[in-house]
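Fit chains B and C to the given chain A structure using the hints.
Heads up: the sequence lines are chains A, B and C, in that order.
If you use my numbering, the first sequence closes out at 548, no skipped numbers anywhere.
If you use my numbering, the second sequence closes out at 693, no skipped numbers anywhere.
If you use my numbering, the third sequence closes out at 193, no skipped numbers anywhere.
No lab work stands behind these hints, which were simulated from the structure alone.
Glycine included, C-beta positions come from ideal geometry on N, C-alpha and C.
Certain hints may be false.
Said to hold, decoys possible - Partial list, computed: chain C residues near chain A (C-beta under 7 Å): (1) Gln10; (2) Val36; (3) Gly47; (4) Ser123.
As the list claims (entries may be wrong) - Think about it this way: if two alpha-carbon atoms lie no more than 25 Å apart in a straight line, the pair counts; the simulated SDA-like pairs of lysine to any residue are: (5) B/Lys456 x B/Ala357; (6) A/Lys31 x A/Val16; (7) C/Lys70 x A/Val211; (8) C/Lys70 x A/Thr201.
To be verified - If you want the footprint, here are the derived chain A segments under chain B, 3+ residues with CB under 8 Å: (9) 47 to 57; (10) 498 to 506.
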Amino acid sequence: MSDTLSGLLTIGVLVVALVVVHVPLGNWMAKVFTDERHWRPERVFYRLSRVDASSEQGWRSYSVAVLAFSAVSIVVLFLLIALQGVLPLARGAAMHLDTALNTAVSFVTNTNWQSYAGESGVSPVVQTLGLTVQNFVSAAVGLSVAVALVRGLARSGGATIGNFWVDLVRSVVRVLLPIAVVGAVLLLLGGVISNLAEPTTITTVSGGQQVIQGGLVASQEAIKELGTNGGGYFNANSAHPFENPNALTNLLEIFLILVIPFSLPRTYGVLVGDRRQGFAVAGLMAALWGIMLTVITWSEVHSAAGPLGSLEGKEVRFGPWASSLFAASTTGTSTGAVNSLHESYSALGGGGALFSMLLGEISPGGVGTGLYGALLIAILTVFISGLMVGRTPEILGKSIGRREITLTALALLVMPALVLVFTGIGLVLPNVRAQMLASGPHGLTEVMYAYASASNNNGSAFAGFSADAPYTNLTLALCMLLGRFVTIALVLALAGSLVAQRRRPATSGTLPTHSPTFVGLLVGISLVVSGLTFFPALALGPLAEALA
Amino acid sequence: MTQTTDRPAAPTPGSSTATLLRQMLATLPQAFVKLDPRHVWRSPVVFVVWVGSLLTTVFAVVSPSWFAWLITIWLWATVVFANLAEAVAEGRGKAQAATLRATRTDTIAHRRGAGGVVEEVSAADLTIGDLVVVHPGEVIPGDGDVVEGMATVDESAITGESAPVIRESGGDRCAVTGGTTVLSDGIVVKVTTRPGESFIDRMIALVEGAARQKTPNEIALTILLTTLTIIFLLAVMALQPLAIYSGSAQTPIVLIALLVCLIPTTIGALLSAIGIAGMDRLVQRNVLAMSGRAVEAAGDVSTLLLDKTGTITFGNRRATQLLAAPDLGTEEITRVAYLSSLADETPEGRSIVELAALTLTDGERAELDEKTEQGCEFVAFTAQTRMSGVDLASGLAVRKGASDSVLRWVRDNGGQVPQGVLTDVDAIATSGGTPLVVASHEPGRTARALGVVHLKDVVKPGMKERFAQLRAMGIKTVMITGDNPLTARSIAAEAGVDDYLAEATPEDKMALIKKEQEGGRLVAMTGDGTNDAPALAQSDVGVAMNTGTSAAKEAANMVDLDSDPTKLIDIVSIGKQLLITRGALTTFSIANDIAKYFAIIPAMFVVLFPGLDALNIMGLSTPTSAILSAVIFNALIIIALIPLSLRGVRYRPSSSTALLRRNILLYGVGGIIAPFIGIKLIDLLVSHLPGMM
Amino acid sequence: MIIVTSFIRQSVAGLRALLVLTVVLGLLYPALVWGVGQAVGRSQAAGSLVTVDGAVVGSSLIGQEWKGEKWFHSRPSAGDYTGDVSGGSNLGHGPDLDAAVAERAKQAGIPVQGSPADALTASASGLDPHVTPENAAQQVARVSAARGLPASDVQRLVDEHTQGRTLGFLGEPRVNVLQLNLALQGLTTAATG
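Chain A with its partners taken away, still in its complex shape:
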């Protein structure tokens, strides 16, 4: 079987699996977030943690709850990492405080940028009690915010957008945890380790020494992918054979990465009572994912001509096709896990991975973040194209006026502003330039990739860039924080503004937001807006490199 056929079949199987699963999962999530009753374990949880699960919240108090919970999470995780030396199983692991802060922010913001190496940087206690927990709850926060925005669109003339604690707990209990358990067991059976062994030095057949790592990897690996987190147990992330031993686990991991983001449009469609709306959003996500996958794969398979192929930074068991598939999926979902090193990709392949993030993580985006990111693009598109049919723009009967477009525009402005400003500053700072591995256009891409990854809460890296230094740790943490929470606050404010509006009935004069024309427009606008914003920078990075 040729590589091409194998690659296409792999993609085909993945797509079929997603198409099959998104219906029940999407419906299920819609049910989860509209269910009137609490499950017994949830009630126990509400009692134990004494949060008010009885009443719905307006957007302000929902936002306060999200921000308060996330702030507490950062503090707790930071303390856990900072104190890991005095906690059990320390193994001498220690972190500078700036690295610890960067790591805490990174996992709470669902970024999972790692300025440390998993093998030596964090203790098993931090891995399980800190990082695994945040892998769940940071994804749950994203999911909650997305659902709150959907409620804003679905409800007519209301004041509340749900209860954050209920959304959080249900996301964990009814969505993430069950799938993660199944995923973890399957990964484990595929060879992902799950043991309590210390790293052990063994003598190899040829007489050398080798350290065999241990750890509760399978449980963390499953939620790392499912929650679009991406923080590897080991430095090599999903390229490490203990995290991703073979082609089957690889496919499963990609599936886990994509399954919730691609199911959420269905949830959206069900919740707003018009499944076609969900298809349109899924269409946007799938089209962008397909385009980026094509660019990256084509570049990795073809442009890396010559005797070397493009196997530098790739595992033999995955090869260019499965590596590119992973790369497009992880950068399109704000996951950031890697099964190959993006920095060693061809200029266009690596540039494609970068651009995939710069689209704003909507192809299909992270858990929750993808849906609300795509809806922001939809609102922007509605605003421009709605005018062209001669009406005040509206989406699902909610008009996009001054307040709505302000919030949307600001939410879409945050990420480009962070990426451009910090890349610009970084490239002229001597200390940052000293941290770069590459020079010339590739070095520029390294730095831009880092800030794009942080600002988009992706977490993957052009790993040649040694980011573990105070300035970069702190600025990247700032990008992660602002990229995550400013956007969330604006999205929730938007939800509040939309939910208060009465829904206008659709007429034949209304711009349909489900037609193929509209989906084409969504794709066009997201490509053009990102392209125009980043073209000059990309021209000096990947494009200059590719055209050299």
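Structure of chains B and C alone, referenced to chain A:
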């Protein structure tokens, strides 16, 4: 009195290219005046260009070069062109305002004080409630209602319509406008506005744009454009450190040129002109919008309430046939119908008199007229009795009116109603006509139903097509009529409206509007009577007829000077056109950026990375000419699009998807392609300039 | 002010919630997965370890460094297969990578032109347990010469240890170097013993 429609408005600005060019040249000085930063600040996009121009000027002075000065000149030109667009749009309004102002010379008013003493005062001294006497040939000194008399008035000053109109006390034709001239007869007018706030004053302010405020959608769009500007500002500012890192620091002039090319200058420059022109297009159709907000809302209207009479049908129902009761000749009904309608000044009443007069001889008419002169009592139509007639001195009482009312009158007076009359009534009603029963009651006898007058409403030609268009636009039409449901349904079906409200009272109308609005729909309606005022105020787009009462005009947010209710459809189209023009030019503006990138980015960095020449797909001759060409294109496209922004993008009623596809193709795809061609052409010329090597 | 008090109140609630969630997600969930592993996938959970005569000599998933002419060599590694670190070279396409490749070719004594790509490129993990069948085939002559075995026997061994695509279409054909070398050692022992 219905007026003619579809005639050109008073001062129609020329639309030919030559006229426009003349206008542009004439307003050029104003465009320079508008370079004042306090003015430019109002458009953030243009302001950025203004600041950029200022900076390049400084840089060009400090280190002069051909390139620097050429860029500087064209950046200033960009700002001037942006101002020019606005100035031209305003200029058209100013021309109209000047015509209006000419009529507002200081008028002498004859104020009737207490005790009927008439004194001469200046119109500027009139206050609300003053009564003024206006004689033929005099100019009415202020807005008000006619309280005595009836006159023909020349309103051409405001409507441009040369045919005089009739204004009379009472009813819905009592309103007169200051600045119009009484042609015949004398009237007494009660002043309803203070000087300086009159209709004509407001109209001048509106067309001049002095009262112009940014509309909600315009503000929202400005916010989006500002955000885009910020993004491009950041992208260009971040480019310099990237360029320094790469070893090819750019001159500020080049960076400013790139910035100006990227920010949405086209739409930023034309945005206010589009708004002004939208109002202007309404004025050209003789509609005065009290706010731009109302024009925008017109584009969103999803329910149109249309009065049947005058809008859907030819104004008035006319008597077309007199059907005598069985066993009676037509002579009696003709005589009685004539008699009962003599004092009936309604169009229907007059049409009965006219119809009857066709068969009566002059002698018979004189005889009948004489009867009324011998002393009689006219019974006026009221909403309660729903019939009118006359009680003669002889004791003979004649009535005509709504069938159930008149038939009850007959029965109350001991009469029998022949089956034939009932059959005729039903037949007429089913056919969509209005049956009026004519009856008489002689003293000492029982009352008799004499027959039925067939009043017929004729649906205007072409209405069905227009309603179909509206339906395609997603607008539901509701016909409002005082007719009974049967008649209403029949006419509704004939005209092709979606729904009707029969036997409508003002309360019903109000309830309907509220119901539609609760369902999230925007409602537009026309009205002229005082009792329409609450509904006009409640509706999202309320258009008062100029012939209407002051109360109606106050409550409405638009006034139609032609008093043509079908214009509502035009108003909706203009509202849509306004929004489409904004959307189309925004799309065009953003789409243009792609080509500009392909011109400027390779030009900036091709020395450093020769491979980037592959992006120079236009094959522009040199880096400097490429950048200059993009800047020139960016400036010229504003001029090129001024006509479009003034005229508005063509709006053809069709489904939103078809509309979207067409506009995306024209302005999106067109916006991508056009600058590639434009910049290339400019480069072919510009590359011969000095300093372009 | 209301926002601040509300923030504090919600933070306290959030802290309690986080603690409960930590118990569930940080303790119970990994414990559950660990328990299932112990029950149904003990070997995988432990790391697919390979033992020779009772001693662990490696993991079939983790590549090793094989020095000397008589072993099949693994791919170049940025971490030299020590196992305590993982990662790749992170070199992008360009002169630096070209130089690294030339250096690796010199080390391995093979030409840059004509050699299989994986023989001259470092993997992402630095622990790649596999080489391509072409890479293994290229080493057959050297290994068989060093061990004094017929090249055809060694090639047969390579063929036997060549794994096709999983399920016929997933992933790439590959040779597990540890298993190949263990089999090679067995073959050598059989031939000499």
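Taking the hints in turn, this is what the structure says about them:
no.	hint	result
1	Gln10	holds (4 Å)
2	Val36	holds (5 Å)
3	Gly47	holds (5 Å)
4	Ser123	holds (5 Å)
5	B/Lys456 x B/Ala357	holds (18 Å)
6	A/Lys31 x A/Val16	holds (24 Å)
7	C/Lys70 x A/Val211	holds (23 Å)
8	C/Lys70 x A/Thr201	holds (24 Å)
9	47 to 57	violated (count 0)
10	498 to 506	holds (count 4)
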